[in-house]
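Asker: Since the structure of chain A is provided, determine the placement of chains B, C and D on it from the hints.
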Amino acid sequence: MDAPLLAVENLRTYFYSRAKRAFIRSVDGVSLGVMRGETLGIVGESGSGKSVTALSAAGLVTAGPGVISGRIDLQSNGSRRNLLDGLENYARVTEQDGRVMAVEKDERGWRRHSETLMAGVRGKEIAMIFQNPRSALNPYSTIGKQLVETIRLHTNFKGERQARERAIHWLERVRIDSPRLRFDNFPFGMSGGMCQRAMIAMALSAEPSLLIADEPTTGLDATIQSTIVDLLAQLKTETGITTLLISHDISVIQRLSDRIAVMYGGTVVETGRAAEVLAPEATARHPYTAALLASIPSAETIRRKSYLQAIEGEVLDTIEVPRGCRFYGRCNRVTEAIRGNCAGLEPPLGEVAPGHKVRCWLYPAAGKP
Amino acid sequence: MRRYVQTPGPIGQFSELSLRQRAGPLDLVYVAYGLLVVAVVVASYLLGAFGWLPHDPQAMDIGLINAAPFTSGHPLGTDFLGRDLQARLILGIQAYFLPGLLAITISVVGGSVLGILAGYRGGWFDTIITYFDNLLDSFPRLVLILLVIAAFKADIYYVMVVVGITGMPVIANLIAGKIAFLRQKSFIEAAHALGLPAHTVILKHILWLNCRALLVIQATLGMAEAILVETSLSYLGFGVQEPTPSWGNMVQAGANYFLQGNFWPSTAPALAILATILGFQLLGDGLNNLLEGKRRK
Amino acid sequence: MKFAAIKPVSRVLARELAVTALLLLGVSVVVFAILYLAPGDPLNVLLEGQSPRSQLALGMREALGVPQTWYGQYAAWFGKMLQGNFGNSIRTGLPVLPELARVGVYTLTLTLGSLALTLLIAVPIAVHAAAHGGTTGNTAATLAAYVLSAVPVFWFGYIVVYVFIHQFGMFPLISGTAAKQEHAWLYFLVPIFVLGIASGTLSEMIRHLREELSRVLAEDYIRTARAKGAPVWRHAFKEGFLIPVTEIMSAKIPFLLGGAVIVEQVFNWPGMGRMAWQAAQDRDFPVIMGIALVAAAFVRLGNLLQRVVFTAVNPRASKE
Amino acid sequence: MSRTILEVTDLRKDYRQRRGLVSMLTGQGRVIPAVDGVSFYLRENETVGLVGESGCGKTTIGRTVLRLTDASSGRIVFDGRDITNLSRAELRPLRREMQMIFQDLDAGLNPEMRVRDILREALTVHERPSEAEIAGRVRELLEQVSLKDSKLANFPSELSGGEKRRVGIARVLAVRPRLIVADEPTSALDISIQAQVVNLLRDLQKHLGLTYLFISHDLPVVELVSQKVAVMYLGRIVEMGLAENIAHQPRHPYTGILWASLADKQNTEVSLHARAGAPAERERPTWGVFDFEQPVNGCRFAPRCPLYQDKGRPAVCTDPASEPQLRDVGHGHVVACHFA
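Chains as they are written, first to last, in the numbering used here: chain A, 1 to 369; chain B, 370 to 666; chain C, 667 to 986; chain D, 987 to 1326.
Just chain A, same shape as in the assembly:
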């Protein structure tokens, strides 16, 4: 098997909350791999750490007190580079009982080093699209200018006219009607769906190896969401671009992903092939994944007008992480046999079928990671 294009290993991203004087463990030991040509979908609720994982990979977490550790390996042009290489030299973390107690950080050095690591990667190798496309595009610049800027920065189309033609080509690829007119439009006055198309065009125009799509449909109307999902699906077959897709919307993830990672409380609780993880009749499945799927009204639920199977309790806040399984407090499938483990010991991510891993004590295989 090939080495993955992007390999994330034991990624931890902590933020410091000034208000609470505590560290928020947004991402807490995540390992993932994205193979060349595939789409990996990360699904989870707010606070699960899915977006922060993506931002960490794109080197966009340089905010003051953020700390990142672990490895993010990017395979590009035959060589492999760790996007977090040497960053740990700029921060000293004091831990106690596995908890971060204090961080000393040379913020300027960190930022400078991070910029050096990401130079030539961000935008070029890794391109990104965001949620709320209308605010993600620069409102003071035309769509065309923003595209041309990207193209001239990252591709061989350096000339003004060449870049312009290329930009219009990309606007056509994302099926914006009358691209030559849209070229001179400001994002203001364009619909959300149109802005997201422009955003996608801008990301792809750099011809990146990896596209990170962070909640690409959030904040759009239902009918527009489906056209954007269509477009992404179509571009995927046309260009074969490797994608890391982040969404809270299971249907979007289901539609676009080859493989899926389900995140909860800063960790991956289940990962595997999309068809397997989300299959209606799946037997081996993390209780959280199961409950999440049951939260959405199914045809059956609607027909019988029965109650939804809600997950009790609140989404985990990642400041105080429980000692055992993170989902233990809300889990409805704890058996007496495993209760001790669930409460006191975090389960490892164990393989229950080839390529399908679950972080749960219910599955004996999980004991042997």
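Be careful, since some hints might not be right.
To be verified - Stretches of chain C that chain A covers, calculated by requiring three or more beta carbons in the stretch to come under 8 Å of a beta carbon on chain A: (1) 884-891; (2) 973-982.
What the hints assert, rightly or not - Here are some chain D residues pointing at chain A (derived, C-beta under 8 Å): (3) 1207; (4) 1243; (5) 1244.
Think of the hints as simulated: they come from the structure by calculation, not from any bench. Backbone N, C-alpha and C fix where the C-beta goes; we use that ideal spot for every residue, glycine too.
Answerer: For chains B, C and D alone, coordinates are given in the frame of chain A:
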């Protein structure tokens, strides 16, 4: 290198955190200094009002003119006529204290009314009040005051009415902004839907619960403005006249001796102005960061 | 599409011009109201060039056809002003408007010069603070700006004057007549320096610029710029720098004009501020009235320029 | 069949866009018909779902029927009483009967008030209960929305999204309403919390006999909770009927598109093939909201309508004189389309 520390023990709720933990370290220094200044000003005002002064502020000690601070009997020295500076500085507060209160009362009351009309009623009111604000902002305040002085008379209360009125737009805008924020959060509509009468919504929910911090802050900043205007005017000779002391006319009167090298008689009131205005401004900004800043995130 | 986008901009500019005219009309009403309400009948002095009413004067007024109602008086007064007749100074007897034009240049130099100086100090501090957060250096600079802003400008002027006399042996108090002396430029620069440093606008300017730039740097589209590897400054410039700078410049003009009254007094600078002071002393209301109107016009002009920049830069402005 | 609690007839709500002094004085300005002639009714203890894209006017309907904003024309009858032109004072006692759950989680939760005070205020708006009664009612409300006692001392900013929503519902229940307009009650919440809230709302309906006007763009949820569903497009109801009929046998092409877009996202193969080779999609800048430059000529859905294209652009669809009206196609199912 910067250090971030997790609070030991269980992590508390936001409300359980002390004020000290919420604030930036400088804000507390600002506020502490500001409160100290306010206390000193109020105490000095009372001393002056009741005539409890360390010296007769008009008594001239010809043998001891331009005395340096810490001269026996005159802890802050004397001026060019041998008058005790400490007593005159304390008495100088009379010149701006009550007029300043008048000015901030006018701007707080007027600003609140305009702000509520603009934000709560909206529509016509909003447009008209915007124009009114722009109109007031067109005049340099000091020029408008000089116009009033020329047309009427050099009376500090006339001046403070002008200061009060020209201070209204800022407060009106802040309150209208606050209301717009609450409206955007469907807050006002929800109160109506519940059946709360309009006056409860305006007085209790908007003004008292959500705007009180803002009004205190603006009143504090308004006092700094009033002091600035009063001292400037008495410096220009339109305020309190010699021999009654005001910080502004003290600077002016001492200025002639200043150029001969006798700094103190004009520097002492100047430092008093500096320390006081700085105090009110830092108090306002510090409170703003403490009370309003927390809502930003 | 491009063509369609140009038309609304001109419409917005026309609107701004109309608003400016309307506000100037309002300014004249405010000034008129003050004069109308003032004791001693100053309006009549303006309208007919004679002093307080007596039976005789009333009769004469009728004969001269001077209007009695307030709106008639306003119309007459305003009509005269439109013809450039602001009346004559009571003290000197000279027509006000040419006098104002003569001294206005000095005030303009002083105000704009000090505005430039304040910006020169405020911008680096604000940009550094916004980009790097609160470092020791820029915290100290911000604190220093607070202190400077609270310094009474008249006293600060004396300090500077003192330093000049004792360090350079110069007496920069007669700047207007000093043009032929050595280091004439210094006589010009000292008052500008004093007003720029200590007018009380410095700390507000720093705060406004820092807050706006920080806000913009946290916007989604700046994150997009970083994600695509583009220089952040190129994207933050318009909203994070150009607009707030013009905004604060326009907002601070009235404060600087007010400060000019004092600084001109300290330095004997022959500008409008000093003239205003003199006029207030003498209750020379034709002059002070003229100054108030000219100053307000200046403020509105600054505001108009700011709106022009804003409209030109912000594609949304022309559509709203 | 239970009695009608709310009946809305030919409701219109125009927003007049006035900006600046000039348009204010001349009284000119654009008129935006946010709601353009809508009629429907609610029976006691039933739920009617109102669906449509953002900007279609569904929230405006909710606000207008509660008289939070005045209708431009039309009639609103609540429990047999015409409330269209009641004054504010006359409306106040009626507020206990009809309430609204707002989309914004913070609505009604004054950031400076503790949960206890928020509930106390709601309990004392319309009556003067004793302290003991208040305490009892607060406990009851907390139980109804399953919220812990310990939350009473919290400020809204200290609550999670789900808790805020529960407090907001408790606040509304405090006045014992009969009709609740629920405006996107779950859209600001996480999926797992959404299910909790949907269950809670259905529970409350069962136990308290509530009537809901359920406004949402979340189609499966609407289908689950509603007996009847109305589909809105640009200020008009284009189709209305029993929930299962609307979902599974839509007659209006727009309803079809709405439901298909949901299926689209989930179903990989079908739509990919269906869409492959489709022409560059035409997406208008003012997609789904009222467009001033394009006055309504005939059917307002025609510019987006696949049926219009398939039928070779029949003239009747764009004839200004024949805007399609709602007509009954059986079983109380009404559709506004020439070809339904």
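Asker: Next step is simple, just say for each hint if it's right about the structure.
Answerer: Here's how the hints hold up against the structure:
Restraint check on the segment 884-891 of chain C versus chain A: 6 residues with Cβ-Cβ distances below 8 Å, three needed, restraint holds. With 4 residues having a beta carbon nearer than 8 Å to a beta carbon of chain A, the segment 973-982 of chain C meets the requirement of three or more and the stated coverage holds. Interface hint status for residue 1207 (chain D): upheld, as the beta-carbon distance to the closest one in chain A is roughly 6 Å, under 8 Å. The criterion of a C-beta within 8 Å of any C-beta in chain A is met by residue 1243 (chain D), whose closest approach is roughly 6 Å, and the hint holds.
Hint status for residue 1244 (chain D): holds, given a least beta-carbon distance of 7 Å to chain A, under 8 Å.
Consistency with the previously given hints is maintained throughout, with no hint failing.
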